[in-house]
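Enquirer: Whenever a hint applies, use it, and build me the whole structure from the sequences.
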Amino acid sequence: MTINQDWLAQLPLDHVEKIKSVSGGDINDSYLLETKTNRYFMKVQPGRGEKFFAHEIEGLNLLGAIANTPKIITSGEVNQDGYLILNWIDTGHGSQFELGKMVAVVHQQHVPRFGLDHNFTAGKLPKINTWQSDWVTFYINQRLKPLVNLAIKNGRWNDWRQTHFQSLCDQFATYYTTHQVIPSLLHGDLWAGNYMFEKTGEPMLIDPDVFYGDRELDIAMTTIFGGFDHDFYEGYNSVYPLLRGLNQRIGWYQLNYLLAHLNLFGESYGSMVDQILGKY
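Following our numbering, the numbering of the sequence shown begins with -14 at its first residue and continues without gaps.
FYI, nobody ran anything at the bench for these hints, they're computed from the structure.
Hints are supplied without guarantee of correctness; some may be wrong.
Mimicking DSSO-like on lysine-lysine, the simulated pairs with C-alpha atoms at most 30 Å apart in a straight line are [what the hints assert, rightly or not]:
id, residue 1, residue 2
1, K56, K21
2, K184, K3
3, K86, K184
4, K21, K3
Label pairs and their computed distance ranges (CB to CB) [what the hints assert, rightly or not]:
id, residue 1, residue 2, range
5, K109, D(-1), 30 to 38 Å
6, Q93, Q260, 30 to 38 Å
7, Q93, A158, 25 to 33 Å
8, L231, D119, 30 to 38 Å
The beta-carbon is built from N, C-alpha and C at its ideal position, and this holds for glycine as well.
Expert: So this is what it looks like as structure tokens:
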């Protein structure tokens, strides 16, 4: 989209002297804004209104209470375009050990049930967060099955995948009849693109998709695309040690993110999905 001076003039900021398009993911348009006194990072979702960013704002508020996150400056909409303005972050290099410690502290925030107060359905993938007391019910019915149903709709599913998926669900349900999960606050999309280090070296978490679930789901995401080294897990375990046997469970949780990518980007992720399903 093209942002002109009339659009910028409707923002609740002092006169914007400069705007520059910057990288910020494939979901939103992202910009550097400069006024006489400050620099800001702005995300814009064309035509989707201010409600589009309500979930991210809640996530930043929840994470920001106990971790380092961008500061929310303001949000709203201009001509039906939703926007979210954050403080500008000058980036640098930092310690993966400290990043791991920060994520562990996030996961130490517990509630009695799994889910969140609202669903997030404004994006390309459904996130049904209805509160559940049972983790199996939440994860299978509100995370995996909606993604499988979308894959079926998109023509990216077959009988082989369905057979092995059902077997995976059966093994998952059986395992958690005798193992307890404590609901933890999750970042929800913890890949290498969603953390950074400030110029001071302090780690920062960005672009959350929060809900309360099994912390191993966040950990599984860190293992798929790289960007987290041995020091990250050492730092994590120094605060909130992971349970034994994670390697036997992690495929259950990697599947969630790979199904998402299968739906978003197609069969280039099919072989990774099949590699996990083939184990069950």
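Enquirer: Now tell me if each hint is right for this structure.
Expert: Hints and how they fare:
Simply put, K56 and K21 have alpha-carbon atoms about 19 Å apart, close enough for the 30 Å limit, and the pair holds. In summary, the hint linking K184 to K3 is supported, as the alpha carbons are separated by about 22 Å, within the 30 Å threshold. Note on K86 and K184: the hinted pairing holds, with a Cα-Cα distance of about 19 Å set against a maximum of 30 Å. Between the alpha carbons of K21 and K3 the distance comes to roughly 9 Å, so the proposed pair stays at or under 30 Å and holds.
The beta-carbon spacing between K109 and D(-1), approximately 35 Å, falls within the hinted interval of 30 to 38 Å. Look at Q93 against Q260: about 32 Å separates their beta carbons, and that is inside 30 to 38 Å. The hint said 25 to 33 Å for the Cβ distance between Q93 and A158, and at roughly 27 Å that hint holds. The hinted range of 30 to 38 Å is not satisfied by L231 and D119, whose Cβ atoms lie roughly 21 Å apart.
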